[in-house]
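So the chains spell out like this:
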Amino acid sequence: MRFSLLNRAANDLDARLDRRLLRHRRFTRGFARYGWVTFVALALVITLVASFTKVGRSQQILYVSEGGDVVMLDPDSGASSVIYEAGDGAYATGLTRTGGSRNLAFTVLKESGGTLRGDIYTVDMNREARARITNAAPGEVFASPDFSFGTGGVSATHYSRTAPPNTFTVQSIGYGGIFLEPNLPGRPALLGPVWISENALFSWSAGESGRMVLKAYNFAERRQATVYETRNEVGYPAYHRDSNALVFAERPRGAPLAESRLRLLVGTDFLPISGIEEGTGVYDPSPPTPALDGEMAVIWTDGEEWGIGLLDPETREFRRTDVRVPAGSRNPQISRNGDYVATTGPDGTRLLIQELATGREVARVEGLQRLGTTMNKMKEHGLRVPPEAEWFTQANFGWRALRDGQVEP
Amino acid sequence: MSRKALRRLAYPKPGAFVLFFALLYSVLFVFLSIYKHEIYASSRFDLGNMDQAVWNSARGDILEATDETGEISSRLKNHADFLLLAFVPFYWIYESPYWLLIVQAITVGLGAIPLYWLCLRFLGRQWPAAFIAVAYLFNPGLQAANLFDFHAQMMAGTLLLFAFHYLLERRLKLFLLFAVLAALAKEEIVLLVAMMGLYAVWPLKRPKWGIPIFLAGTAYFLFVMKVLIPAFNPDGDTSELVGVRYEAFGGSITGVLRTALTDPFFMLGYALSGARLQYILQLLGLAGGFAVFSPLVLAIPLPELAINVLSQRPQMVSIRYHYSAPIIPFVYLATAAGLYNVLRFALWLRARNRFPGPRMRRLISRELLVERVPLLVALFILLMNVQMNYEIGPLPWFHSPENHSSVIDPPAPEHLEALDGAVARIPPEASVSASNWIGPHLAHRDYLYLFPLIKDADYVVVDERKPGYDTFVEPVVALQSVRNLREDDSYELIYSENGVLVFERRP
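As you go down the protein sequences, you meet chains A and B in turn.
Using the numbering used here, the letters of the first sequence map in sequence onto residues 1 to 409.
Using the numbering used here, the letters of the second sequence map in sequence onto residues 410 to 916.
Isolated chain B, as found in the complex (with noise of 0.2 Å):
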């Protein structure tokens, strides 16, 4: 290695060392993706249900699949994810969710150069920007949600981030080609852009710009949920998901809005109350907690961030999914941004000899605020975000909680021999129930029912070992439905092979 080759390696500057954990991020998550889709560790809803939407969109079946009830439906149903349609040129080409992983994890990863610019602009100082762009890589939340199958929403995260970007850079277009992407990854996102339509407002005193933003944001939300996903729903009604989720509030958004407005104080107490502070704590500390002295950047992603608290899904309220991805970056911007407000507020002080004595103020001089602190505060948040990474982050050989969808734990080389036996088996054009798990690697066809659910399903594909839905699935179900189909007569047991079943529907 040459002199010169060396020292570029010794002194690296802020944005390679950002580009290099950028890219080795994408290339480490690209590579664990696809190897947790081919150990069967990937999972029916969601890997298998995205895949089938935009293989059944590259057949004109815009984002159609097969519903937890078994029947064809559209996608627009429950969310407005039209991102997928994005990946259907992908699967002309080449029909593989693997478009999907590669996708998600290079957005994700290189989510830290937008965040590396941000950063550099509230907090002036490379190398903290760089560190608090490179921590939010390490967050542990943040990896699980990535490795958690695919979700339109993970790439929301990024394409914000550069949407704030070019709002700050005051060039329109490239806004608002981010801000149109990022909207189309899940209904809500637009609700964050509708946010940086008021940052327009203020404080960037742009009201031109601001208040189209915010106008044109939120009547793109409100046309979804009252308009578009009621289409596609019996009798026109909203997404079941939202009676669901939010039936503290009445299970509708007028609920939601109405009660924000008459018990406020009782939204507030529930958003507050058991896991959810946890999760508000855990968001903000894993950044450092800096992020609260920038309540501006931070409410970018408050809609998001209400949506998740607000709602009865324990996933919703747990930093290892999706639904945090858009949150977690905009929580390291405001760390930056709220670290200068700090160092601002105790350089105002300084300058006004507000510090007890004339020894602290020779103590914390110009100097340490200026430079010393910032970089130690980014390295530690940094040092953390590696910690705790090791500690709850689900790269293999780190302690991830078991159970969670994350965990790369694969099964013995011959269960996994006998599982491609069996997806082998299986023709292509055949409906097939199949365990959650081999549910991915069948997808492309038109009926795919998750097992127990069977129907009319001509093949029964059931992994013994993991039999059932997730981690919490019903073991004596699963046994149940196993031993009906062992004795039922219109099935016949084509395939045994270490506890991997295959029944196929006599003629």
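Bound-form chain A, shown alone (with noise of 0.2 Å):
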């Protein structure tokens, strides 16, 4: 029955469209003939809006609270959630900026009986699945969690109450934890590691004789090279793979912000940085932005102003964009989408979000984790912290981009 209805409705379709096509012949012989390239010319316009239409993904930004919660803000709503909730004396820090929109690893650190331990977990933004990736053993804590570019690895920093911390690298699925060296007193400290590749990563060994060191690590064939080595004080360094980039601050030891020069390093090779001005402080490169072709973001000051520049690894390119921050501000971090600009205040708790073409305030949020909060646990509770430590200590958020349906408003 259906089948013939639906017959006899295509029928009286046809039939009424062949009286209509009748009355427009001309219209008609010209369909027939050239139709085709109304449809091709349809079918590249639907092509062209598609590509430029963006898909539905909004920007979040997770922060640890000042509780040790991992809470996600969306800045253009303001709706946020908690990832993950601080509670029996376990709380959340250390929180990665890197892996994708769908990784998230932060360090728990937990307090009980007199000790301290810390785990890393991972959260799969997806799935919202979440999973701890090393078990610390009490007086140990795997400290600033970070992805590899594949994210199938993590790298973190080990402290202990026996021996200088050390890099330590593991699968993201929990399997095969390496340290870069022997876990031993005695030898220098390792700190601010950052991925080279799946089975490399770049880590600053801090010796006794003041001076800091560059390495590059193999930990798969157990291979290094030595980079670099200063008596200055250097920051979190970030890498561009694409230009095998390595961009990192320094300044004399104890001088402020406004005296950090920004280096770049091509293999062996430091190569100079255009169009940053003389007596210019650059300071905090973030982590490559891939919506701007690998862009860091940067904060630059001249001692009365500061604010956002953007440093493009490849052509080795600085400016100034129209984003200005308060004084004293770090740890600049661009939105997934290349759209916003954020920053913490000098202690960490506090963060602001602007627009990067702008400058326009979009959020701002109070009551983040204190930088240091980490450094401080683990020196009460005996374990070895070199003060150099506290020049890798990085802010407590991460941006990520998360399907318009998998963020509950």
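Take these hints with a grain of salt, some might be off.
Said to hold, decoys possible - Label-pair ranges, simulated between beta-carbon atoms: (1) B/L437 <-> A/R370: 52 to 60 Å; (2) B/L432 <-> A/D18: 36 to 44 Å; (3) B/F789 <-> A/E66: 54 to 62 Å; (4) B/L862 <-> A/E66: 54 to 62 Å; (5) B/L758 <-> A/D18: 30 to 38 Å; (6) B/W757 <-> A/A291: 55 to 63 Å; (7) A/N126 <-> B/E838: 53 to 61 Å; (8) B/L784 <-> A/Y34: 15 to 23 Å; (9) A/G152 <-> B/P498: 47 to 55 Å; (10) B/A628 <-> A/T38: 54 to 62 Å; (11) A/R25 <-> B/F789: 31 to 39 Å.
What the hints assert, rightly or not - Chain A stretches covered by chain B per the calculated footprint, using a threshold of three residues with CB under 8 Å from any CB of chain B: (12) 212-225; (13) 262-276.
To be verified - Not the full set, but computed from the structure, chain B residues with beta-carbon under 8 Å of chain A: (14) P819; (15) A821; (16) L825; (17) E873; (18) K875; (19) E883; (20) V886; (21) A887; (22) L888; (23) Q889; (24) R892; (25) R895; (26) S905; (27) N907; (28) G908; (29) R914.
Since the hints were made in silico from the structure, they are not lab data.
Cβ atoms here follow ideal geometry from the backbone N, Cα and C, with glycine treated the same way.
With the hints as a guide, dock the two chains, each given alone in a separate frame, to form the complex.
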């Protein structure tokens, strides 16, 4: 029955269409000959519109609150939700900046019976699944986790009572933990690791002579190469894979941020950066921003004004943006779509989100976990924390871009 | 534009449609291949290697090149790609790897023409045949392989298609011409010619042609693998590549054949394990999947498929490398043949009133099966390939995996200038160790080492931006090597620009 109805409907439609077309013979003739051109043009228009239409993803910022919760905030709508809730003496710290939009990692500190331990947890934001990927012994902390490019590995700085800090890598599924240096007392502290490839990292080594040594490590093949040595204070490095460029800030020990100079190292060669005016302090390079073709956000200051600059590690050009930030701001990070930039205050408790194009303030969040909270806790519990470790303290926030339907309003 | 010309444009002939895309492909890929080379995105292995082999051949050192260990050796140690010698006259006119890149792109592009003839023969419908032939040119794997340097194997697909066409046309001389040319592309290609011999025996029922073709093909393969290649290896061993790639089967051809007889289920399980099954599905899926309904045509590239899926080399089970180039065109041809077989079966069902009910029989009319279904299916295959090309293809602004060798990502202009400046510093006769991406620009010399292998090189040219071999290079080794060079008294840094370094050996 349904078949015949459908047939009849189709026939009726055919007949009506034929009648109409017969009334406009010229159009019909043209359409028959060149109609396909219309369809191709239409397909092109649809393809172009679809290409330029933004996929339904909004930007979220994740941060660690004063109480140790991991909170996700949509700066446009102001909606927020808790990803990890502190409790039972356990709280989050050291939120990773890397891992794309899907992967998140952070340290969970647990205080019990006068001992401190810090495990690394990972959250799959798509599946909303949480897992512990390292299991620290009492008196051990795995701090500042960081994902490798393919997110197959996680690095962290390992603190303990017996040995100086060491760089630790583990597969993100929790297998195959490796220390870059033997975990023995008496060796230099390894700090501020950054991934180069799936089995290699740069890491700073702080010796007793007061020198900082930058080394590249292949942990799978147990190979290392010394790249640079300095007596200055250095900051967390950022690595741009396409140009093999490592970027970090350097200043005399104890000097103000305005004396920071940005260094760009390609292999064994320091290359000059253009566009930085004489006497301008530049520091805190962010990880490369995919939406801006790998550009890194940095903070510049001439001592009076403070603002956001962008460094293209490929062309080695620096340019100031129109974004101005409060004096002493730290840790710039650009949202995944390249629209916003977030910075913290000097102590890390205030988060300021601004439009990158105009500098307009979009949101301001107070009550983030204070920078150095983890360091202080570790010192309180007798873990070995050299003074240089504080140079590599990272802010407790990172950007994500989740599908619209994935985030509750 | 005249009315006639406009009408011709509106109603293109299927053959002209295919020719247009074949030429478009050829022109585009000639340009992209050369551009990729000029921006230092081609690699020492393999463009530099092939270029050096042809350059040496043009000077009388047949197929010789510097190998991975830094020794001058014949390519015949591992491969029998005599087709490279066809480029020697071109090198006598002008020594440049452009010849290789140009001829490769044009040959691959022209493959759509014999493919169209063959699809037309099997399917009997012009436009569907044309759509399938053009879909082949949009295959993202084929394009990626084409943009990954030069490999004579890339040209085998087109030559084999011509050979198969002339076999079906019963034009023996032309078949032999193209079959021989194809067989000279690489040692195993002759096995596909041998399979055509079997095809001539059955279903073509021409045993007088088929049996000699099969026997000659098999004999040539055995001669190359058992006599020729061992003659260029120490102690008469087989190619070391066989040992490495087929370790699971004893590392020899005999071992592979023995396992096929004694433990076929292990072999089958191995061939379908991990990425291999995905590879097979990608090969078939990109052509719409109809190829499985034409097992006889699909049997022709079976030896090449077996060689790939039994290998341990990951690149051999990826559609993005030249290893798949001789298979892909036959999958598209099998698609046309498979589609025809499906339709013939449907017509057979229809003729015998096997459809459930008269309405269904009315609905699935003969016209629908003969005219519309092939057109729609072929159009679907074409559009799917265009879409997949956009999703995973290597063309600029498309979405190929970033770390694949086919990706065209130009460096900053000042870096390019620095690279040009470094290459200009190297005298023509000097031995050189160079980063993988600089190597192809310095291949016309006796010794060209791949950095960080330095040996006794007169010059070392390193791009610290991309210091090592391919994307898997160990960055720490590169750093160690550059530091060692900087501290080595026997070398002097004579050029340092934008992270591009040239070291010269002190006298």
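Structure-based check of each hint:
Evaluation of the 52 to 60 Å hint for B/L437 and A/R370 yields a pass: the beta carbon distance comes to about 58 Å. For B/L432 and A/D18, the Cβ-Cβ distance of about 40 Å falls inside the hinted range of 36 to 44 Å, so the restraint holds. A beta carbon spacing of about 58 Å between B/F789 and A/E66 agrees with the range 54 to 62 Å that was offered as a hint. Separation of B/L862 from A/E66 is about 56 Å and conforms to the stated range, judged on CB atoms against 54 to 62 Å.
At about 32 Å, the CB distance of B/L758 to A/D18 agrees with the hint of 30 to 38 Å. Between B/W757 and A/A291 the CB atoms are about 57 Å apart, so this pair conforms to the stated range of 55 to 63 Å. For the hinted restraint 53 to 61 Å between A/N126 and B/E838, the CB-CB distance of approximately 58 Å keeps it satisfied. A hinted range of 15 to 23 Å holds for the C-beta pair B/L784 and A/Y34, which are about 19 Å apart.
For the pair A/G152 and B/P498, the beta carbons lie near 49 Å from each other, so the given range of 47 to 55 Å is met. Range check, B/A628 to A/T38: about 58 Å between beta-carbon atoms, so the 54 to 62 Å window is met. Under the hint 31 to 39 Å, the C-beta atoms of A/R25 and B/F789, about 33 Å apart, fit the expected range. With 7 residues having a Cβ less than 8 Å from any Cβ of chain B, the stretch 212-225 of chain A passes the three-residue criterion, so the hint holds.
Residue count for the stretch 262-276 of chain A with a Cβ under 8 Å from a Cβ of chain B: 5. That meets the three needed, and the coverage hint holds. Hint on B/P819 is violated. Least Cβ distance to chain A is approximately 10 Å, over the 8 Å limit. A cut of 8 Å between beta carbons decides the hint on B/A821: the least distance to chain A is about 5 Å, and the hint holds. Look at B/L825: its Cβ only gets to about 12 Å from chain A, farther than 8 Å, so that hint breaks.
With a least beta-carbon distance of about 3 Å to chain A, the hint placing B/E873 at the interface is held under the 8 Å criterion. Taking 8 Å as the C-beta cut-off, the interface hint given for B/K875 holds, the closest approach to chain A being about 7 Å. Checking B/E883 against chain A by beta carbon gives a least distance of about 6 Å; that is within 8 Å, so the hint holds. The beta carbon of B/V886 is positioned within 8 Å of a beta carbon in chain A (closest approach about 7 Å), and the interface hint is therefore held.
The interface hint given for B/A887 is met, as the beta carbon of that residue sits about 7 Å from the closest beta carbon of chain A, less than 8 Å. Because the smallest distance between the Cβ of B/L888 and any Cβ of chain A comes to about 4 Å, under 8 Å, the interface hint for this residue holds. Hint status for B/Q889 relative to chain A: holds, with the closest Cβ pair at about 4 Å, below 8 Å. A least Cβ separation of about 6 Å between B/R892 and chain A falls short of the 8 Å threshold, and the interface hint therefore holds.
The beta carbon of B/R895 is positioned within 8 Å of a beta carbon in chain A (closest approach about 7 Å), and the interface hint is therefore held. Taking 8 Å as the C-beta cut-off, the interface hint given for B/S905 holds, the closest approach to chain A being about 7 Å. With a cut of 8 Å, the hint placing B/N907 at the interface with chain A holds, because the nearest CB-to-CB distance is about 7 Å. Restraint check, B/G908 versus chain A: the minimum CB separation of about 4 Å is within 8 Å; hint holds.
Interface restraint check for B/R914: the shortest CB-CB distance to chain A comes to about 19 Å, outside 8 Å, so the restraint is violated.
This entry does not satisfy hints 14, 16, 29, going by the numbered hints stated previously.
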